[in-house]
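Sequence order for the protein chains is S and B. Going by the numbering used here, the first residue of the first sequence is number 59, and it counts up by one from there. Going by the numbering used here, the first residue of the second sequence is number 1441, and it counts up by one from there.
What the hints contain is simulated information worked out from the structure, not anything from laboratory work. Fair warning: there could be bad hints in the mix.
[To be verified] Here are the computed lysine-lysine pairs in the DSS-like style, where the Cα-Cα straight-line distance is at most 27 Å:
1) B:Lys-1715 - B:Lys-1619
2) B:Lys-1678 - S:Lys-236
3) B:Lys-1678 - B:Lys-1705
4) S:Lys-178 - S:Lys-334
5) B:Lys-1715 - S:Lys-236
6) B:Lys-1715 - B:Lys-1678
Chain by chain, the residues:
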Amino acid sequence: MYSRAYQRLVAIPPLLWISAFLLVPYISLFCISFWQVHSQQIVHQWTLHNYGQLVGNPVYLEVLGRSARIAASVTALSLLLGIPLAYCIALRAGRARNLLYQLVIIPLWVSYLVRAYAWKTILGGNGVLNTLLIHFGVLHEPATFLLYSPFAVILTLTHIYTPFVFLPAYASMAHIPKALIEASKDLGASPARSFWTVVFPLSLPGIVAGATFAFVLSLGDFISPLLIGGPNGIMISNIVVSLFGAAYDWPLGSAISLCILILVVGLIAFTESLEKRLRLGGGR
Amino acid sequence: MSEPLLTIAGVNKSFGSTKVLQDVSLTIANGEFLTILGESGSGKTTLLRIIAGFEQADGGTLTMQGASLSERPANRRHINTVFQNYALFPHLTVFENIAYGLRAKRVPPSEIKTRVDAALAQMRMAEMAARRPSQLSGGQQQRVALARALVNRPALLLLDEPLSALDASLRVHMQSELKALQRDTGITFVFVTHDQEEAITLSDRIAILRHGRLEQLDTPRDLYNRPRTAYVATFIGKANLLPNGMAVRPENVQVFAPGSVTPPKDSQSWTGTVKRIVFAGASDLIEVECSEGVTLNARVPSGGSYPPTVQLIVAREHLIPVA
């Protein structure tokens, strides 16, 4: 056992770190959200004006709603791609398992920006996709809806966040004892039934964790919408960025940020309790 | 022996360059309790997994009730398995674990309820229906695993060392339960174990596997009285192996003071030095080093005393030729 004094001593660096990089920023964010801007100056006068604007001005709620829809679509698509991928690699790939796993991981080494830009060159008017489609006579002129649309944002974010669903789903599937899957086959279950009644329920904690990652990360994303979203693909974080930048309305930006923060923390708390319940239900 | 249920003919299996099974052929009769006995690495579990359909044989055929099993996946065989560590579904209740196979076969819900309840009652587990496997003791999990397999009324039940995870006293108890269950249901049991005594107690017939080959398949009594190989002779019970390719059981070696008797005509005799006497319950085992450099064990009544040199006599009928 370490002495009490020693225990306190080693607790100091993490406490300092958390204070400097989490506590102080959040407290100042909280304070600023109740201040106001007067003639390009932030005035330390307490007001609920910012929150009133957030609720009153339909633009903010609309963009917040769109962001949630985009994040939900990204989550759904990432699940649709990530779960079968995890299942195939974890349980069906045999000897190719490690190689395939690495192939899924490798894109994560490439910068997020590069991947977002890659979609720009694929989807653009003179991009790879349009060129190909015109070359094969499917289209006569470049399709413009591909780039600068919510569709482009969803596509890009799905590409970027599918590994975040895949990884925890893969980890929980790889931990399912082989004998359980054999037992379900032995009892007459087809591969599909075996998946839905054994693999899926037992990997649900990992799948929920992955879905939370995908939703939270894409809800807060502002680079993809900025690069390829166009005016209709703007998300809530883009508004926050512009409020802190060009618009110089830190109080309103802070108020929006706090709202997103509360939404996200609430969501994480919910999925965390869901995960815990699923694990207990799994009973091991 | 009644009509064959499962015929295994010339089965081979390799993992990489390791030959796990080599030309294994055997026939399992309807309603019998057959044990596949072997040390670890003998291929017994692989043979069971091939019968269940979890592994594909490299060569050879499996024929069940006249139909080939080769093209039939595990979920379409009329065979169920009790797994070594039971492999109960941790996220399902005891009831749902047992109902799993019936649901997969789309048995009507009312019939599922009746059959699962009957299975629970048979295993004296009715009060445990709503529990999860993690809330059960090892013996209870064992019963659920049995019920989960038997509720499907399989033609063949495979058991992969199901008792090895239980402690000794519970194991003996479960042995008699298993035997009774097999008698009552009339279902053919194929039981895999490395425990000779367990095999002898339970089985109608025992197939002994060694290095992937079938060493001998016989009733426990015949394996003991007529082992065909030296391996079987020493694996099932104790045996003295003689340099002339004969084996003799210690209880068939008679011990006399040297020169006190003339060996009968149809017998073989040795003279040797008593090395030690080992207490073995109802009898003692006496170890005698004979002049030919052969050491023989003889089973003698408990508590006797012997001169330093003794004469050993074995009637010819008790000499078993072994390969």
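Would you list, in rising numerical order, the hints stated earlier that this structure does not obey?
Going through the list in order, the structure violates hints 1, 2, 4, 5 and respects the others.
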